Amino acid sequence: MNQPVGNIPKPTNIEAPVTPKVSGSASSESIQSVKDLKQAQAQGQNIPISEQQLVKAIERAIKAVEGTSTTLDFSIHQATKHIIVKVLDKDTGNVIREIPNEKSLDFLAKVWETAGAMVDERA
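Using the UniProt record's numbering, you'd call the opening residue of the sequence shown number 1 and step up by one each time.
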């Protein structure tokens with residue numbers, strides 16, 4: 001039922017951080033911190049980021065939340081298209097926690113299916 005996204009591999013080489021290009025009046029040199037980024041966004045400036053920057057940010061976030069004995073596994077629930085995060089024991093591979101619970105998403109999918117059937121019957 002789930003299509004595994006898999007663990008994001010750790011980067012093999014370390015590159016210097018890439019500064020996002022800013023459209024609008026601010027130059028890319030003016031964005032040096034998260035505070036600067038938030039200020040630019042508050043002023044209505046569009047701050048695009050590359051896929052590489054997004055992947056690096058996700059990798060850093062995953063590394064920050066993974067423990068010494070746990071790892072994270074990401075998958076997509078096919079019926080609802082929600083992301084499922086599983087916290088796994090590194091040694092045994094057992095699921096410690098699943099967020100959200102797959103059974104809850106199965107139930108949600110069934111409710112959506114039932115609601116859709118009721119709408120189709122009335123039409």
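Be aware that a few hints might be false.
Claimed, not checked - Think about it this way: if two alpha-carbon atoms lie no more than 30 Å apart in a straight line, the pair counts; the simulated BS3-like pairs of lysine-lysine are:
1) Lys63 <-> Lys35
2) Lys63 <-> Lys90
3) Lys103 <-> Lys86
4) Lys103 <-> Lys90
5) Lys103 <-> Lys81
6) Lys56 <-> Lys38
7) Lys63 <-> Lys81
Said to hold, decoys possible - Here are the computed distance ranges between Cβ atoms for each label pair:
8) Lys38 <-> Asn94: 24 to 32 Å
9) Val119 <-> Lys38: 36 to 44 Å
10) Glu113 <-> Ala42: 37 to 45 Å
11) Val34 <-> Gly93: 20 to 28 Å
12) Val85 <-> Ala42: 28 to 36 Å
These are calculated hints, taken from the structure and not from any lab test. Quick caveat: nothing in here was measured; it's all calculated off a predicted structure. For glycine and all other residues, C-beta sits at the position ideal for the given N, C-alpha and C.
How the hints compare with the structure:
Simply put, Lys63 and Lys35 have alpha-carbon atoms about 22 Å apart, close enough for the 30 Å limit, and the pair holds. A hinted pair counts as satisfied when its Cα atoms are at most 30 Å apart, and Lys63 with Lys90 qualifies at roughly 14 Å. A C-alpha spacing of about 13 Å is found between Lys103 and Lys86, which places the hinted pair at or below 30 Å, so the restraint holds. This hinted pair checks out: Lys103 and Lys90 have alpha carbons roughly 23 Å apart, not beyond 30 Å.
In summary, the hint linking Lys103 to Lys81 is supported, as the alpha carbons are separated by about 14 Å, within the 30 Å threshold. Taking the CA atoms of Lys56 and Lys38, the gap is about 19 Å. The hint holds against a cut of 30 Å. Distance check on the hinted pair: Lys63 and Lys81 sit about 24 Å apart at the alpha-carbon level, within 30 Å; holds. In this structure the supplied range 24 to 32 Å is violated for Lys38 paired with Asn94, their Cβ-Cβ distance being about 40 Å.
Checked against the hint of 36 to 44 Å, the pair Val119 and Lys38 passes, with Cβ atoms roughly 42 Å apart. Taken as a hint, the range 37 to 45 Å holds for the pair Glu113 and Ala42, whose Cβ atoms sit roughly 41 Å apart. The supplied range of 20 to 28 Å is broken by Val34 and Gly93, whose beta-carbon atoms lie about 35 Å from each other. Against the hinted window of 28 to 36 Å, the Cβ-Cβ separation of Val85 and Ala42 comes to about 30 Å, which satisfies the hint.
In summary, the structure is inconsistent with hints 8, 11 from the numbered list given earlier, while agreeing with the others.
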